[in-house]
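K.L.:
From first to last, the protein sequence lines are chains A and B.
When the first sequence is numbered by my numbering, its final residue is 245 and no position is left out of the sequence of numbers.
When the second sequence is numbered by my numbering, its final residue is 436 and no position is left out of the sequence of numbers.
Rather than coming from a laboratory, the hints here were simulated on the basis of the structure.
Just to be clear, a hint being listed does not mean it is correct.
Okay, the calculated bits of chain B under chain A, using three or more residues with CB under 8 Å as the criterion [what the hints assert, rightly or not]: (1) 258-270; (2) 301-308; (3) 311-321; (4) 365-372; (5) 426-432.
Result set (SDA-like, lysine to any residue): computed pairs, CA atoms no more than 25 Å apart in a straight line [stated by the list, open to error]: (6) A:K82 / B:Q308; (7) A:K5 / A:Q27; (8) B:K352 / A:V233; (9) A:K221 / A:V233; (10) B:K358 / A:V233.
A quick note: this is a predicted structure, and the numbers were derived from the prediction, not measured.
Where is the CB? At the ideal position from N, CA and C, for every residue including glycine.
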Amino acid sequence: MDKKKSLDLIKLEVLGCLTEQDKEKLQAMKDEGDGFPWKELGDYQNLIAILPATLELKYPARDLKDKTATMLFNMRDQIKAKIEAKKAKEKPVEVPVAESVEVEEGINIEEQVEENITTEEIEIVEKEFAEVEEGINLNEVEEASIKNEPVRFTGNFKGKSEPETPSLQTDEVEIKELETKEFEPKESGKTVVDREVIEKIARDYMKGYERELNSLRSSVKKNKILSFIIFAVAIILIVAMYFIK
Amino acid sequence: MADTNSLKDAEIMQRVAGYDSKALEQLYDRYAPILYTLIKKIIPEKETSEEVLSEVFVIVWRQIDQLDFKKNSVYTWLITLARNKAIDTLNRNSGKQMPDYNDDYEKENILPKLSPEMEPMELQEVMNKKEMLVKALGSLTDAQKYVLELSYYGGMDQEEIAAKLNIPAMTVKSKLQVAFGNLMKKVSEAG
Chain A
1 MDKKKSLDLI KLEVLGCLTE QDKEKLQAMK DEGDGFPWKE LGDYQNLIAI
51 LPATLELKYP ARDLKDKTAT MLFNMRDQIK AKIEAKKAKE KPVEVPVAES
101 VEVEEGINIE EQVEENITTE EIEIVEKEFA EVEEGINLNE VEEASIKNEP
151 VRFTGNFKGK SEPETPSLQT DEVEIKELET KEFEPKESGK TVVDREVIEK
201 IARDYMKGYE RELNSLRSSV KKNKILSFII FAVAIILIVA MYFIK
Chain B
246 MADTNSLKDA EIMQRVAGYD SKALEQLYDR YAPILYTLIK KIIPEKETSE
296 EVLSEVFVIV WRQIDQLDFK KNSVYTWLIT LARNKAIDTL NRNSGKQMPD
346 YNDDYEKENI LPKLSPEMEP MELQEVMNKK EMLVKALGSL TDAQKYVLEL
396 SYYGGMDQEE IAAKLNIPAM TVKSKLQVAF GNLMKKVSEA G
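Modelling step: build the complete structure from the supplied sequences, incorporating the hints.
P.N.:
Here's what the structure looks like:
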């Protein structure tokens, strides 16, 4: 390979000044591979890139950073899809590890999403456990049934609120919100099931209590009838003894 | 987490590749002035040049996986990307017949195709050499500087420069090659 020829073409390529014919020639040299001056190509690419450093620095408007942040925020779905694709490609099965310190320091979106999933799930399970415990507190149910009041469920079913994040971190916040939202139906779905279970327990208990009352009432009724019969028999016996005498 | 101000360009870019928005903010703070200076030299109109700067960062965020951290210089990648985007915008705004701008076009014409063998450069390191670079550039003849400017900042090809200067395209070609060769020589001697 003629190194001088390839260097001449490299100079023009780096400047973006190659004709179509020269482009093809240079591409053929690159494809040939052996002996192509890649190092020199890199040197010329670096050289042309340092030219702007000789200019007097100019600064963009201050609010441009916010405008750029808005543009990035608007492409959050695209980035989210990329993150998911990347995750699927690199880590097909992964157990995420939650580290609260990293969340405070603003780690990358991918890690935050994983942490969100983990912490949200743990919180949901904890809430549900507490709610079931509260729900099957029979003393409360009993009191309520005696007072003929509806049984109240004291668990907090509201979703977790997200902190505000300024500037370029807006897309991170959005992705966090999206992840949280994804879990809301799951959370409320579980909650509905638990409410039903607790209400069923309460209803069963109240039914059992009512059955006991009914049996007491019926036994009182039976006793009343029995006493009336005994009383009637006694009267008959007294009358009979009077006539026998 | 380490202070991002002390991180090297490549380290920041690696964080950007993990879609760390704080790293992108840090990259913006560090690179916006030099990229804006370059873009404004190509497109003097303030609003358009600012739009292009924003678009460059959007491309960085979207196409970061196209940068090979191990083989390429982050500085050169960003400068080349900004230059390509600005020249493309300049050509479109001047009414030049251009293909539709889509993902394939962006990958082919806007994203830098850098050599797999290149020295990594840091922005700060380049800025420290400014005086030497100005001197090296000053050693070129006016004609050499002019054709380099028309090519690099004007985005003109050989025919366009030839038409502008009313000289043969072959002369333009050789002037560009000689000018660039001399600049490399001067910078290598000074460096």
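K.L.:
Each hint should be assessed against the structure and marked as holding or not.
P.N.:
Cross-check of the supplied hints:
no., hint, verdict
1, 258-270, "holds (count 9)"
2, 301-308, "holds (count 4)"
3, 311-321, "holds (count 3)"
4, 365-372, "holds (count 3)"
5, 426-432, "holds (count 4)"
6, A:K82 / B:Q308, "10 Å, holds"
7, A:K5 / A:Q27, "13 Å, holds"
8, B:K352 / A:V233, "110 Å, violated"
9, A:K221 / A:V233, "18 Å, holds"
10, B:K358 / A:V233, "117 Å, violated"
Checked against the numbered hints given earlier, the structure breaks hints 8, 10 and satisfies all the rest.
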